[in-house]
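In order, the protein sequence lines correspond to chains R and S.
For the first sequence, this note's numbering begins at 1 and goes up steadily by one.
For the second sequence, this note's numbering begins at 1001 and goes up steadily by one.
There are no misleading hints in this set.
Listed next, with one range per pair, are the computed distances between beta-carbon atoms: (1) S:Thr1120 x R:Gln220: 32 to 40 Å; (2) R:Tyr223 x S:His1119: 40 to 48 Å; (3) S:Arg1027 x R:Pro50: 52 to 60 Å; (4) R:Pro50 x S:Ala1030: 50 to 58 Å; (5) R:Pro50 x S:Thr1041: 52 to 60 Å; (6) R:Ala218 x S:His1119: 29 to 37 Å; (7) R:Arg109 x S:Arg1276: 28 to 36 Å; (8) R:Gln220 x S:His1119: 33 to 41 Å; (9) S:Ala1032 x R:Pro50: 46 to 54 Å; (10) R:Gln220 x S:Arg1274: 50 to 58 Å; (11) S:Val1263 x R:Pro106: 39 to 47 Å; (12) S:Arg1276 x R:Gly240: 53 to 61 Å.
What the simulated footprint calls covered on chain R by chain S, stretch by stretch (three residues with Cβ under 8 Å from a Cβ of chain S suffice, anywhere in the stretch; the number is not a length): (13) 82-90; (14) 105-114.
It should be emphasised that the hints constitute simulated quantities derived from the structure, not laboratory data.
For glycine and all other residues, C-beta sits at the position ideal for the given N, C-alpha and C.
Now for the letters of each chain:
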Amino acid sequence: MRDVVVRYPNGVTALDGVSLDLEPGEMVAVVGLSGSGKSSMIRTLNGLVPVTSGTVEVGGHDVTAARGRALRALRGEVGMIFQSFNLAGRATVLQNVLVGRVAHAPTWRTLLGAHTAEDKAVAYEALDRVGMLDRAWHRASHLSGGQQQRVAIARALAQQPRAVLADEPVASLDPPTAHGVMADLRRVNRELGITVVVNLHLLDLAREYGTRLVGLRAGQVVYDGPAADASDRVFEDIYGRSIRPDDVLGAS
Amino acid sequence: MTSPVAAAATRPAVRAAVVPPPRPRGRWKASAGWAAVLAVTALTLAPGIGVEVDLGALARNWQNGADKVVALLQPDWAFFPRTVEPLLETLQMAVIATAVAGVLSLPLSLWAARTTNPHTALRGTVRAVLDVVRAVPDLLYAAVLVAMVGVGALPGILALVLFDVGIVVKLVSEQLEAADTGALEAARAAGGTQLQVNRSVAVPDMLPGFWTQLLYVLELNVRASSVLGLVGAGGMGLLIDAVRSFYRYDQLSLIILEILVVVLVLEAVSSAARRRLV
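Bound conformation, chain S alone (with noise of 0.2 Å):
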């Protein structure tokens, strides 16, 4: 066989153009592409037609949607005042959700993932009792409760916590599994009981992961624990019920002002040390 570099010199130029493989026909994805979007058109439609959607109501009502948005454009600022109890109690309940979960999800976070707990039937525990706890809603949580331990911030808290724990856990454990196990091995092989592994080698190497998911459910909290007081669980949630029920709209608009503008805050805040931990 010449070389190309031999060939080019004897016979210049003329290089056929490069032809590519034929493209394998994949007809079959287009038309189940084109399935798939009438399947959500038809999916859309039915139900819609089905609980009565009735668009020409939007129309015929337009000026009560008006009046409540022209209401919300103008917020009450002299309400502020008696928000500002209620907004501190929220915020008070997001962090102290925030870290009893973060106390609670440590140990569970390295009890939920296969590297740092080898031992199945407890592993297995540990998973099946979150994925329980997360399929609750935050909301139902705080409801039944509110029955239990009565109106007020701690079901509030306590809904936060269980809500918090089951994300937490499952992000974290997630992580943990998808983790290098080699420093893992080295401790063991140095010896080292299961606790003491994790502790000294896993714990290290899990934090910065650990208090970024922390941070994110610190945001949730905020957001969650004011839409929690609907069921009488604390916060801002009982102010936005009583001025709700009043049609108060310009003070619903203050509250909703005022969690954008925490929100915001605390987005900034997280961010900017998640960047200092990462």
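Chain R on its own, in the form it takes in the complex (with noise of 0.2 Å):
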């Protein structure tokens, strides 16, 4: 990411020129307030938001200049994973798991429900991945916030990406859930040697589970360095406060 600037059309200046390298396998943990822009940021590296200036290149690939095919070529090698799960709550599991096979498959495919039996094979290696493979054919709405985050890292998996993006995959759950989600995260970090960009507001997850950290304050860059030296001192300076009890999950 070069100098990058994020302005919303209502004026919202999001970003403030972001430069950031991050390296292949990393587990980069992103955090800072709410509004502090971690979002925009995360979103920008797949194109769901687009730069105001500045360039963002993903695998050699530059984001900010791709459009239509190459730009969906660019997301299909890019899983994400949501705050609220966002899956399809009346399809099944594994309808959902296979949503991450749509740039791998031609358009007909997909209309036609007609998926191959290599992306089917690849869907299910997904879903025993995160252990999930038993209710391929419930219904997503039927599971819980735990389990629906686990389809959605599968769907995220099936897609073969080369990195994964996380907007506080955990926000949304119960803190031995949060711990669950976050080992799972972890595994697909170090055995399949994914690249994890993860945005985090809670300091003891971003410490436990990320091997960088990257502060983020007003949209800009305030901290970059290994997450384990961070210091509470560290985080208060990217929150540009004290440290509060509300800001660390506990324990597992």
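With the hints as a guide, bring the two chains together.
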């Protein structure tokens, strides 16, 4: 990312000159208060939020210049996980995971629901990796929050991505489930070597699961370093205030 | 400041009753209400006098009305065999029109909703055409189509399809716009084209609502197609027109009964189906 500025039509400047180099295989925790630009930053990485100026390059491709087919191909290589899971509630778990295959499938196959055996095999494997294979035929809306987020991770894995972006993946989950989902993300990072960028607002999660920590305040990078070294002072600097009890999730 | 508990301990019992804030004065609302009642009364009476609503005629011609009511209360059961074929035609028209309308409405609904069609010009066009389609009453469609393609079931079916598409697309596209867009964003982030996003995520979530609306228009079609025959568009209506012009109110009464039964059965079936869908 080079000098990235994102300004929304309503005049809000979400990112104000962000430059970052993320290395393949890292697990980057992005922390900051709500409104600091975390969500905007992660969405510029797959072109969901267009940048006002600057360039974003992912895996050798320029996201800012990509349109149409090129942009979709690039998005196909980057999985995304959301705070509110964003599953199609009426569809089965398997159908949701197969959504991860859209960039690899011709449109007519998606329209007819005629998925190839290979696509299905990839989907089953992704579900197995998050321990949700036995729920393949359940309706997504019938699952608990933690299970839904696991299905969402499987959907991202089904893309066979080079990187996974996670926007506050555990903010809607209770503490034990949150640790479970974060551990899943860490396994994705370590076992599959997939780069993971995860937005968090809880400092203990960032410290425990991140290998690198990026602090955002008012759209600017105010910290960039190893996550384990980040002291409470660092977080106070990122948040611009003292640490409060609700900034930590608590033990797993 | 002392806490309420401490205060209660030292100075027991006497606590003033809670005083509500003064109610905002809203006298204009009452006067506006009365003005509305007066306006509606005036609007009802004035044209009534204008078009010469003569309530006295009701009393003078009561014998006339009573004869018809008596005839209607004695259905001519022997007429039943002649009603079977038109009744089946009405049902066929309703089912065919609903099926065709369903096939047309699914893509049109996705095109008419902001969330599933970001293309403003295409969306505006689809919506404008459907506004026109919805503005024309079904009986008028039937009358025009009879003139175009001739008497029979075909113009009736076409009229019903137009009528149904207008309703279903309107209701389903509004349902789409009210739905959560998270899953759509996820599919877009996975690199899907708009078509793929709509098919893989929007369609599964919209289907229950879509089926519900289709069942609803099937009911409407049975009612409507029994009237369309009045202008020559097939079904029960042709028969209704025939018996009415021969003042056979006993036969008309049988036809009304049959439509009633069909509509009730359909309603029971569709509400059972709806419970399983939603």
